[in-house]
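S.K.: Protein sequence lines correspond, in order, to chains S and F.
Just so you know, the numbering used here puts 52 at position 52 of the first sequence, and the rest follows in order with no gaps.
Counting the second sequence from 1 gives a position; the numbering used here is that position plus 113.
None of these hints come from the bench; they were simulated from the model.
All C-beta atoms in this analysis are idealised placements derived from N, C-alpha and C, irrespective of residue type, glycine included.
It cannot be assumed that every hint is accurate.
Restraint-style ranges between C-beta atoms, simulated for each label pair [said to hold, decoys possible]:
hint: 1; chain 1: S; residue 1: 66; chain 2: F; residue 2: 206; range: 39 to 49 Å
hint: 2; chain 1: F; residue 1: 204; chain 2: S; residue 2: 9; range: 50 to 60 Å
hint: 3; chain 1: S; residue 1: 18; chain 2: F; residue 2: 189; range: 50 to 60 Å
hint: 4; chain 1: F; residue 1: 184; chain 2: S; residue 2: 35; range: 25 to 35 Å
hint: 5; chain 1: S; residue 1: 104; chain 2: F; residue 2: 272; range: 37 to 47 Å
hint: 6; chain 1: F; residue 1: 229; chain 2: S; residue 2: 9; range: 28 to 38 Å
hint: 7; chain 1: S; residue 1: 16; chain 2: F; residue 2: 241; range: 40 to 50 Å
hint: 8; chain 1: F; residue 1: 269; chain 2: S; residue 2: 33; range: 18 to 28 Å
hint: 9; chain 1: F; residue 1: 355; chain 2: S; residue 2: 16; range: 55 to 65 Å
hint: 10; chain 1: S; residue 1: 9; chain 2: F; residue 2: 355; range: 50 to 60 Å
hint: 11; chain 1: S; residue 1: 99; chain 2: F; residue 2: 172; range: 26 to 36 Å
Here are the simulated BS3-like cross-link-like pairs (lysine-lysine), alpha carbons at most 30 Å apart as the crow flies [what the hints assert, rightly or not]:
hint: 12; chain 1: S; residue 1: 79; chain 2: F; residue 2: 151
hint: 13; chain 1: F; residue 1: 269; chain 2: F; residue 2: 201
hint: 14; chain 1: S; residue 1: 79; chain 2: F; residue 2: 125
hint: 15; chain 1: S; residue 1: 82; chain 2: F; residue 2: 151
hint: 16; chain 1: S; residue 1: 92; chain 2: F; residue 2: 133
hint: 17; chain 1: S; residue 1: 82; chain 2: S; residue 2: 92
hint: 18; chain 1: S; residue 1: 43; chain 2: F; residue 2: 269
hint: 19; chain 1: F; residue 1: 260; chain 2: F; residue 2: 201
hint: 20; chain 1: S; residue 1: 43; chain 2: F; residue 2: 260
hint: 21; chain 1: F; residue 1: 125; chain 2: F; residue 2: 151
hint: 22; chain 1: S; residue 1: 103; chain 2: S; residue 2: 92
hint: 23; chain 1: S; residue 1: 43; chain 2: F; residue 2: 125
hint: 24; chain 1: S; residue 1: 79; chain 2: F; residue 2: 130
hint: 25; chain 1: F; residue 1: 125; chain 2: S; residue 2: 82
hint: 26; chain 1: S; residue 1: 82; chain 2: S; residue 2: 96
hint: 27; chain 1: F; residue 1: 133; chain 2: S; residue 2: 79
Each chain is listed here by its residues.
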Amino acid sequence: MGNENGMNTDLFESLRLELRRGCLILAVLAELRTEQYGYTLRKTLADHGLAIEEGTLYPLLRRLESQGLLVSRWQEEDKRNKRFYRLSPEGKLILKQLVAEWKRINSSLDGIL
Amino acid sequence: MELLDRYLQSVKWLLPKEQKEDILAELSEDIRSQIEEKEAELGRRLDESELEAILRRWGHPMLVAQRYLPQQSLIGPVWFPVYQFVLKMVGLCYLVPWLLVWLFLAIFVPSYRAEHTVLGTLESFLLIVVFAFTAITVGFAFAERSKILERWNPRKLPAERDPNRISRSESIGELVGSLVFALWWLNLLRLPSIEGIPITLAPIWSTLYWPILLVVLASVPLSAVNTVRPWWTRLRSGFRLAVDAAELALICILLAAGSWVEIAVPNASTAKIEQLAKWANLSIAITLGVIGVVMIVGIVRGVRRLRRPRAMLVGALSA
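Same shape as in the complex, but just chain S (with noise of 0.2 Å):
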């Protein structure tokens, strides 16, 4: 019983973070229609009840910028130099059709659930 348990919560967890993953970049293209900081990105998803970690923000920021979503700067704040980053012009594009194309699979879902 106690292994099936387990299995269960290895699943669902394996399952929860594939479920998250789209919208997380859904998530974060969308706060950064305003230009942020990693660290303050990740603590504005927290509070939104988006945790997300930093070995997996980081990454996918690059990644994101790589792909010409975003754009950033170093700039210093607190005498300290933050790397902050915005949605580009073809990110705000491309968050316009993702954010119908969220809605129109949520109603979708929703007729199904």
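Based on the hints, put chain F in the right spot on chain S.
M.R.: Relative to chain S, chain F alone:
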């Protein structure tokens, strides 16, 4: 902060070269922000164990750095199951038989035992394992990087496999082989021999004359029926298993004899004759060992065939 510097140094070592400093500055900034926040919460500087807890949460430097690297693998998830299957097959069909033949020789052939040390044989075996593993891995690494999966045709996919189907060519080959051997064994057929080298069979062959003939003749009708009706039934599977088991028993008895032929060459030195006899006996021992391994494989397959649900055999028969 020595711990933090050590951590960042370990992460840096593995990061992509062109982004090293940039990524590191960003990671360092985040960790320092976390430390500051925690210190503000506690109203004091963090001690070593608290800093350690923060770094532990970040994860092993290799894991942190790996997330910035492109996903790469020598053999990817598409090819890996096939790679694993080929490795298993080579292990089961080549390396295990190799070991079994060696064991047979080491146990039953004194001349082989005298000339080969266990260490020397294990060294050869290890070389074969390393070579096989390397060759297969390199082959699959090339396949992974090739576009072979893009050039495919549904018509070239292998035919549907029926575990109860018997290959007609195998049955015919077995039938012809058994008949030729039986005729030779009964002295009704003369096979070409080496001129001037009279080979005398050891007494073990005459002791086992009738059992060998019986086992060989037993497989003749089975192969004949299998050629005409090429699918396994329970009766024929059981019969095949019994014949294979009898053949394996005979092989074991023969191997236990240790010497199978004697050679007498006129006008040749004793040392030369002994050398010739030794090589002839070694060849026979290897042949018997290989046949023994084939029999073991046949027995395992036969047992698995008999343990298959009856419905599968019926299905095959009606097809």
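S.K.: Quick one, are residue 82 of chain S and residue 96 of chain S close enough, alpha carbons at most 30 Å?
M.R.: Given pair residue 82 of chain S, residue 96 of chain S holds - Cα atoms ~28 Å apart, limit 30 Å.
S.K.: Taking 39 to 49 Å as the hint, is the beta-carbon distance of residue 66 of chain S and residue 206 of chain F inside that range?
M.R.: The hint (39 to 49 Å, Cβ to Cβ) holds, given that residue 66 of chain S and residue 206 of chain F are roughly 47 Å apart.
S.K.: For residue 92 of chain S and residue 133 of chain F, compute the direct alpha-carbon distance and say whether it is at most 30 Å.
M.R.: holds, 29 Å
S.K.: Given the hint that residue 269 of chain F pairs with residue 201 of chain F, test it: the Cα-Cα distance must not exceed 30 Å.
M.R.: Between residue 269 of chain F and residue 201 of chain F the Cα gap is close to 25 Å, so the pair holds against 30 Å.
S.K.: Starting from the hint 55 to 65 Å, judge whether the C-beta atoms of residue 355 of chain F and residue 16 of chain S obey it.
M.R.: The hinted range 55 to 65 Å holds for residue 355 of chain F and residue 16 of chain S, with Cβ atoms some 57 Å apart.
S.K.: Hint check: residue 43 of chain S vs residue 125 of chain F, CA-CA at most 30 Å. Holds or violated?
M.R.: holds, 25 Å
S.K.: Do residue 269 of chain F and residue 33 of chain S keep their Cβ atoms within the hinted range of 18 to 28 Å?
M.R.: Violated, at about 52 Å.
S.K.: With a cut-off of 30 Å on the C-alpha distance, tell me whether residue 79 of chain S and residue 151 of chain F pass.
M.R.: OK: residue 79 of chain S and residue 151 of chain F at ~19 Å, within 30 Å.
S.K.: What's the verdict on residue 133 of chain F and residue 79 of chain S, does the C-alpha distance respect the 30 Å limit or exceed it?
M.R.: At roughly 22 Å apart (the allowed maximum being 30 Å), residue 79 of chain S and residue 133 of chain F satisfy the hint.
S.K.: Straight-line Cα separation of residue 79 of chain S and residue 125 of chain F no greater than 30 Å?
M.R.: holds, 23 Å
S.K.: Mind checking the hinted window 26 to 36 Å against the Cβ distance between residue 99 of chain S and residue 172 of chain F?
M.R.: holds, 32 Å
S.K.: Would the hint linking residue 260 of chain F and residue 201 of chain F be met if the CA-CA limit is 30 Å?
M.R.: Since the Cα atoms of residue 260 of chain F and residue 201 of chain F sit roughly 25 Å apart, the hinted pair holds (cutoff 30 Å).
Comparing the model with each numbered hint stated earlier shows that hints 2, 3, 6, 8, 18 and 20 do not hold.
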